[in-house]
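Protein chains: 2
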Amino acid sequence: MSLKITLAQINFLVGDIAANSRKIIQTAINARDQLGADICVFSELAVTGYPPEDLLFRPDFIAKAAQAVTEIANNTQGIDVVLGFPEATAEGLYNSAAVLREGAILCVYRKNCLPNYGVFDERRYFKAGHDVTLFTLKNTTLALTICEDIWCDGMLLKNRQAGADIVLTLNASPFHAGKMQLREEVVRKQVKQAAVPLIYVNQVGGQDELIFDGASFVLDQHGVCVMRAAEFKEQLCVIEFINQQPQATLCAPLYDGISSIYQALVLGIRDYVTKNGFQGALLGLSGGIDSALVLALAVDALGAEKVEAVLMPSCYTQDMSTQDAITQAKTLGVRYQTIPIMPAVNAFTEMLAEVFANTKLDATEENIQARCRGVILMALSNKQGKILLTTGNKSEMSVGYATLYGDMAGGFAPIKDVPKLLVYALSRYRNSLSAIIPARVIERPPSAELAPNQVDADSLPIYENLDPILERYIALDQSADEIIAAGFKPEEVRRAISLVDRNEYKRRQSPPGIKITTRAFGRDRRFPITSGYRGVDSQ
Amino acid sequence: MSLKITLAQINFLVGDIAANSRKIIQTAINARDQLGADICVFSELAVTGYPPEDLLFRPDFIAKAAQAVTEIANNTQGIDVVLGFPEATAEGLYNSAAVLREGAILCVYRKNCLPNYGVFDERRYFKAGHDVTLFTLKNTTLALTICEDIWCDGMLLKNRQAGADIVLTLNASPFHAGKMQLREEVVRKQVKQAAVPLIYVNQVGGQDELIFDGASFVLDQHGVCVMRAAEFKEQLCVIEFINQQPQATLCAPLYDGISSIYQALVLGIRDYVTKNGFQGALLGLSGGIDSALVLALAVDALGAEKVEAVLMPSCYTQDMSTQDAITQAKTLGVRYQTIPIMPAVNAFTEMLAEVFANTKLDATEENIQARCRGVILMALSNKQGKILLTTGNKSEMSVGYATLYGDMAGGFAPIKDVPKLLVYALSRYRNSLSAIIPARVIERPPSAELAPNQVDADSLPIYENLDPILERYIALDQSADEIIAAGFKPEEVRRAISLVDRNEYKRRQSPPGIKITTRAFGRDRRFPITSGYRGVDSQ
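Sequences listed follow chains U and C, in order.
Taking our numbering, I'd label the letters of the first sequence as residues 1 to 539.
Taking our numbering, I'd label the letters of the second sequence as residues 540 to 1078.
Keep in mind that the hints were calculated from the coordinates and are not lab data.
In this text the structure is predicted, and so the values were computed from the model without any measurement.
Every residue, glycine too, gets a C-beta built ideally from N, C-alpha and C.
Take the hints with a grain of salt, since some may be wrong.
To be verified - Using C-beta positions, here's what the derived DEER-type ranges look like:
{"no.": "1", "chain 1": "C", "residue 1": "T866", "chain 2": "U", "residue 2": "C315", "range": "38 to 48 Å"}
{"no.": "2", "chain 1": "C", "residue 1": "P984", "chain 2": "U", "residue 2": "A353", "range": "30 to 40 Å"}
{"no.": "3", "chain 1": "U", "residue 1": "A63", "chain 2": "C", "residue 2": "E1030", "range": "45 to 55 Å"}
{"no.": "4", "chain 1": "C", "residue 1": "A892", "chain 2": "U", "residue 2": "N453", "range": "25 to 35 Å"}
{"no.": "5", "chain 1": "C", "residue 1": "D1076", "chain 2": "U", "residue 2": "K360", "range": "49 to 59 Å"}
{"no.": "6", "chain 1": "U", "residue 1": "W151", "chain 2": "C", "residue 2": "P598", "range": "17 to 27 Å"}
What the hints assert, rightly or not - Stretch-level coverage of chain U by chain C, calculated; a stretch enters the list once three of its residues show a Cβ under 8 Å from a Cβ in chain C:
{"no.": "7", "region": "4-15"}
{"no.": "8", "region": "110-123"}
{"no.": "9", "region": "171-177"}
{"no.": "10", "region": "269-283"}
{"no.": "11", "region": "341-353"}
{"no.": "12", "region": "405-417"}
{"no.": "13", "region": "501-509"}
So that you can see chain U by itself, here it is in the shape it has in the complex (with noise of 0.2 Å):
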């Protein structure tokens, strides 16, 4: 006895249920008629893409999707689809997955696990399920879960036992650097322990700051991975089960660390820019490290003759970040102007020279300078209808050192949850592949070119302390005497922790970015900005 299931790892954009249906409808046709399948499965809330946030709160965009479903059931005879949907009950609104067979809707499961820390709030717009959904096709019983379901100890042993032969998990399970070991190895022990085979079908593609890096699979019974789709991209994967059992196909490799940042990286650049719709996108190029990254990125995501560089010197930019720029855009093919920013900024200095007679310089005349490039870039994308890309750093963001509506400004921050040495390590990686990053760019201390002789090290600690008490302090919650504790420089500890106490307002007007760690700024991490907590007593 021969089943043939489909993994459908499909990159939906959240809201456009008719365009997601009709995805989905192509899809299953094809694994019908090109594969032979008996059964596609496609990811969680497949239909609305996910996550629809407070879309799922509007009448009219939950009966479209009500109405999509019947649809796709309409519209795909032949083959058993199951997907995710939101329903609407008289209870309450369910995360669920429908089996549709023959232009019906044979079954339907709803979450019983529903998430709500991290970047989940799913308690925000569903009741949980308590029940077990079983359905039958060529005499193998399949089991329904979503998602969280399996990351809940003995939620597969309960389908097991309720004689499950197969488990199908229908997954929206977003991207940190090492998420895709961690989630194999927790869905693993969950396997072994019920003994039950386990079709994992990941939604893919960037939806704002979330990354869904595909990289399905199929675990045998004990556990042992017997096929896995590509990540970061779509893929159509069959698998057979003979008698219940897996026939072992291609498992594609998975990246390594730095690389699937990269990648994860520039998926999330490319959905972004083309789901919203733009022309392209432009930076603005410094001979820096960090806007050298994002032109590399902006590149590798959307190709260089969509891509704009601007330089935007000032009388503190050195010649040699200049060259650098030029050197790098002309090395990808970018078009790249020139717009030096003194005149505007001359002519800021003189309109306040009355109202600042008497103060001293501080960073206020930075700023001045920092807003100037951002006025131009706004006035290019705004313009030509392309999106500024922000290229700031998570070492940056997090201690504030950036200007609001300056180097802050534009659409997009691709590497806004990236820390500098990170930023490093990237460019480094990149460069390995074909050499586009200037190495003085690399080498080079960083420098954000707003005074006479300037280097980040006269404010900050250098990133090799900086990032990693950033990292115990923002992402493991650890305090200040914890982190001395671990041998870290008291003032520097006290330094970095205060000014990220200080500049939450100036993250939360911040473009949204790509998360890649494990607790990113944004809707990871929900900070009040008026706040008397301080990390460290007040010095």
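Please build the complex by placing chain C on the supplied structure of chain U, with the hints as guidance.
Showing chain C alone in chain U's frame:
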């Protein structure tokens, strides 16, 4: 038998456990020594302030809160102190209320009903309790409940049936227009059902987007209000129970609709500015009604000497705008200065002349003007340590009729949740107290003055039509069809909805503002930026 209960309606600073604890101790001692009270009841999570958000994930923060409870117990002998605190246990964190008596924790109640809708994320942090908690004092049995509990049908009855003579409720219930009336109505129904007197203690104060309006109250067992504290300010009130019957005392009157919103906005500005340690506030005063209202609010919140107005005329600014702005500044006695923007606008125009050759004038050029104003205002803000108040209203925020990094720049947006028609109503209300906004500012057609003879009505439906369409779409989740069926012009409905859909990216980068409606932008409305959902089909 007399039992004296004090309701401590206090303005806490979220996160500042040390300061909150001092305030709690001092208040309890006052209640004991000056009011002769037997018990002093504080609000929900009083020790940390509400809502502490992801600070709750920090072990150091939770440990400090626990220490604080012990310290408070040790320093408030001779009176029972009831307060809210985050309670760490082996199973997880609870939103709890403790009764402190003679240096010890007498008992703890764990919140049963955890709100996870609207602005609330309590299931992100807390486990739900399941038990009733009773304690006795002077032969009276008192029960503890926390906020959402008494909005859940049957919770009061359950406490009554368990033996409660009086129920105490610790709250952090945020304001929106009409909330106080709604709150008393909901609670009265529960009280009548259970036939038990209720002590309702609310937090007061502004916290980022939220206003806690205070207005703590006591209902007798028939649901009659026998005491009410003032709205929008700290107060320590006492109610005496004789033979378990509350003795009616002063009931502060409630503000009516418009005046309560005005008071909420004043409190929100004052607390954001002072709790975040700013020296004062500044804003761009255009001669239009939005900035006129914000200036009035800021002066009422902070005093004229702490507020500064900046006039930034361009070649499109009409003389009457400048005249009216100066008149208002002089009337209010605030410092003002005039910084014409054309030198900077001209500098940018020249810098971009080559790039923009052969392009048509569009919103780009208007945005440059707005952004030049943003640069000036932020420079003044940076130099002086004063917060920049953003003057945009909710109608603009809804349809994106504002320039990102331009007029949207600022640390706080007081009227971000105030629709334009309500801006007019609030201005007239304020003028009815004393005429501070020139009549012409209220009467002339609104204009952004970014192009010759521009008025808002060139680009948008008139506000009498726009505002109700927006409310139906945004706050009530109505579909275009429903709104049209209610009698609005189809083309205006489509235009408004389409603008709302497309401008989520701007809202995401806007400063926080004060929630005064049932659904504010911000944590209250969580929409994807990347979204294929269109409330109207593409035109």
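Status of each hint after checking the structure:
| no. | hint | result |
| --- | --- | --- |
| 1 | T866(C) to C315(U): 38 to 48 Å | holds, 42 Å |
| 2 | P984(C) to A353(U): 30 to 40 Å | holds, 36 Å |
| 3 | A63(U) to E1030(C): 45 to 55 Å | violated, 24 Å |
| 4 | A892(C) to N453(U): 25 to 35 Å | holds, 33 Å |
| 5 | D1076(C) to K360(U): 49 to 59 Å | holds, 58 Å |
| 6 | W151(U) to P598(C): 17 to 27 Å | holds, 23 Å |
| 7 | 4-15 | holds (count 3) |
| 8 | 110-123 | holds (count 4) |
| 9 | 171-177 | violated (count 0) |
| 10 | 269-283 | holds (count 4) |
| 11 | 341-353 | holds (count 9) |
| 12 | 405-417 | holds (count 3) |
| 13 | 501-509 | holds (count 3) |
This entry does not satisfy hints 3, 9, going by the numbered hints stated previously.
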